[in-house]
Amino acid sequence: MADTPAVSVNHLTKVFKGTLVKGAFRAVQDLSLEVKAGEVYGLIGPNGSGKSTTMKVILGLLKPTQGSTSIFGVPSTEVASRHSVGFLPENPYFYKHLTGRETLHFYGSLCGMRGERLKARTDEMLAITGLEDAATRRVGGYSKGMLQRLGLAQALIHEPRLLVLDEPTAGVDPAGSRKIRDLIIEFRARGITVLVTSHLLEQMQEVCDRVGIMAHGRMVREGRLEDLIAVENQTEMVLENASPALLTKINALIQAEGGDTKLVRSGRPRTTLERLFIEATNESKKP
Amino acid sequence: MSDAPTSPNTEAQTRVRFSPRRVWTLAMATVTQLVRMKILAFLVVFCLLAVGAGFAFSVINPEQQLNLLKSVTLGSLQIFSIVIGVVSTALLLPKDMEDRTLYTILSKPVPRFDYLLGKLIGVLLLIGGGLIVMDAVLSLILWLRQSMLFEDAVARMQMEKLDSPEAVAQVREIVARQGLTWNLHWAVWAIFLKATVVTTVALLLSSIASSTLFTIVITFCITIIGHGEALIREFFFQPNLSGMASRAATLVLAVICPDLAQFDIVDSVVSGEIVPWGAVYDMTGIAALYVTVYLFVTHLLFVEKEL
Ligand SMILES: Nc1ncnc2c1ncn2[C@@H]1O[C@H](COP(=O)(O)OP(=O)(O)OP(=O)(O)O)[C@@H](O)[C@H]1O
Ligand SMILES: [Mg+2]
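Line by line, the protein sequences are chains A and B. All residue numbers for the first sequence refer to this note's numbering, where the first residue is 4 and numbers rise by one. All residue numbers for the second sequence refer to this note's numbering, where the first residue is 464 and numbers rise by one.
Read the hints as simulated data drawn from the structure, not as lab findings. It is possible that part of the hints are untrue.
[To be verified] Listed next, with one range per pair, are the computed distances between beta-carbon atoms: (1) A:R141 / B:L603: 32 to 38 Å; (2) B:L770 / A:T139: 28 to 34 Å; (3) B:E736 / A:F19: 56 to 62 Å; (4) A:D136 / B:L763: 41 to 47 Å; (5) B:T755 / A:T80: 22 to 28 Å.
[To be verified] Listed below are several chain A residues computed to face chain B (Cβ distance under 7 Å; list not exhaustive): (6) H86; (7) Y96; (8) H100; (9) L113; (10) Q157.
[As the list claims (entries may be wrong)] Distance condition first, Cα-Cα at most 30 Å in a straight line; then the derived DSS-like pairs of lysine-lysine: (11) A:K20 / B:K501; (12) B:K624 / A:K99; (13) B:K768 / A:K66; (14) A:K66 / B:K501; (15) A:K147 / B:K768.
It should be emphasised that the depicted structure is a prediction, and the values quoted were computed from it without experimental measurement. Heads up, the beta-carbon is just placed ideally off N, CA and C, and yes, glycines get one too.
Please work from the sequences and hints to get the whole structure.
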């Protein structure tokens with residue numbers, strides 16, 4: 004049981020059928036990935052690279068054109084696979100006439116929870132996501148960040164072993180998104196597997212054990228984060244308040260050193276994952 | 464992994480079965496949503512209409528007066544229930560898809576059939592609840608009006624010294640037949656059945672259509688055609704088709720378009736005819752059959768649907 008992957012995607016291809024006017028669209032192409040139980044897996048890629056599509060197939064909302072997906076070994080096509088997963092779609096929205104608490108009650112009872120357990124769990128979720136004050140307000144009046152947090156609460160309500168989060172930090176303010184990052188770290192500590200997409204690479208770098216970089220529906224890089232972003236034969240220096248004169252001097256020193264040593268790049272430091280992201284996704288465009 | 468929150472094997476591997484509780488949860492969410500959309504405001508409109516039809520006009524003949532009251536109110540009930548059934552069904556499903564609320568619902572262990580059934584039952588509960596209230600209001604007004612008219616008539620007969628026991632009994636009989644009887648409730652039941660069938664048609668269409676407007680327009684077209692189905696059958700099939708072909712064509716037509724004339728007992732109730740039990744059974748059976756078939760087709764379409 005321990006080595007059943009939380010999510011496995013085998014040679015998934017997803018083609019959206021076209022209409023007469025526009026042709027079919029290949030959103031995901033022969034994608035394989037595996038999320039091991041207990042890890043945080045980050046899926047990153049440019050807009051339209053097929054991240055959300057992949058997640059929807061995993062959740063059984065879309066049917067794969069080819070290939071298959073499963074959650075803890077149960078095929079996504081079976082409703083039973085959804086017992087152990089919580090999903091936060093991108094830009095979630097809920098019944099606007101229900102209050103925050105009623106919304107969580109609704110999702111809880113859909114999962115077969117009831118009575119005291121449901122009540123306690125609802126309150127717990129409201130507390131975790133910081134929505135206690137808004138619990139009695141109608142969802143129609145929620146801000147974007149509050150909706151996102153309600154979406155997270157809803158995904159967690161039935162204590163799933165796996166969380167699938169599609170851009171959990173979109174539209175959330177910096178403090179809020181930091182909080183979501185902390186939550187993800189906490190989930191990992193409690194043994195919950197997380198599959199997450201985000202465009203905030205800095206935060207992804209902080210929480211993810213492994214990342215996969217997608218471009219044009221394919222996986223272009225995948226692996227443990229340290230392995231991906233470490234470049235063995237390079238050294239990075241970050242200077243503060245360096246004068247142009249000092250930089251020239253350092254340059255001169257490097258040149259004087261000769262041999263293989265050369266200055267690869269200088270400028271403002273970027274997060275390494277960001278650099279990798281841009282390199283990897285640009286590469287795949289060329290062929 | 465020792466403190467993983469849920470017990471892994473047991474629940475993940477058993478098949479998710481149909482659950483009445485889950486359907487009820489979905490139905491109640493639908494009702495709550497519709498009620499909070501203030502859709503029940505039509506109840507107030509109806510009550511005003513019923514009071515107006517009951518007391519505003521004064522027609523000399525008590526029989527006509529009661530007739531008018533019944534036909535106006537039952538007619539408007541029919542329209543209200545169909546419009547509410549169609550519009551709310553056509554609004555709810557596409558809205559869930561657009562808002563991605565459906566993603567969050569179906570990513571819980573909720574079979575798609577439970578979702579559909581929940582929506583349908585929610586809308587029907589709302590219509591049913593509304594009809595019960597309006598049935599009560601209508602009964603009350605009819606009963607009040609009936610006794611008022613009877614006393615008026617008797618008073619008039621007394622003035623004209625025509626109040627022989629036989630004459631009074633005759634008036635009582637006429638007024639009672641036109642007034643509050645079980646027939647009224649059967650008429651309301653028939654209205655509910657018709658609205659149910661039309662709502663299921665709307666559900667079917669909204670599971671394939673991409674726009675609300677399309678669903679509403681087509682459902683209303685089907686409703687209109689459904690009322691004239693007997694006419695169409697007579698007009699097209701009798702003269703030139705052999706027995707088998709005509710039967711087949713009738714069947715096809717009846718499958719595509721529910722024969723809504725089956726539920727038209729309102730007119731006979733208005734004119735004071737007695738509705739036999741057999742007719743009520745038949746109507747209910749036909750409605751159940753239509754709903755089952757349409758719901759099944761809707762399920763087949765919806766299960767395959769890409770969200
Ligand atoms: N229902 C659909 N019908 C047709 N094409 C679709 C559909 N859903 C998605 N696509 C297309 O599939 C591609 C991948 O979309 P997807 O939503 O998976 O991208 P993404 O990686 O999540 O992007 P983003 O970062 O912007 O969220 C896009 O080009 C999109 O236009
Ligand atoms: Mg996306």
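Hints, verified against the model:
no.	hint	result
1	A:R141 / B:L603: 32 to 38 Å	holds, 35 Å
2	B:L770 / A:T139: 28 to 34 Å	holds, 31 Å
3	B:E736 / A:F19: 56 to 62 Å	holds, 57 Å
4	A:D136 / B:L763: 41 to 47 Å	holds, 45 Å
5	B:T755 / A:T80: 22 to 28 Å	holds, 26 Å
6	H86	holds, 5 Å
7	Y96	holds, 4 Å
8	H100	holds, 4 Å
9	L113	holds, 5 Å
10	Q157	holds, 6 Å
11	A:K20 / B:K501	violated, 39 Å
12	B:K624 / A:K99	violated, 67 Å
13	B:K768 / A:K66	holds, 9 Å
14	A:K66 / B:K501	violated, 37 Å
15	A:K147 / B:K768	holds, 28 Å
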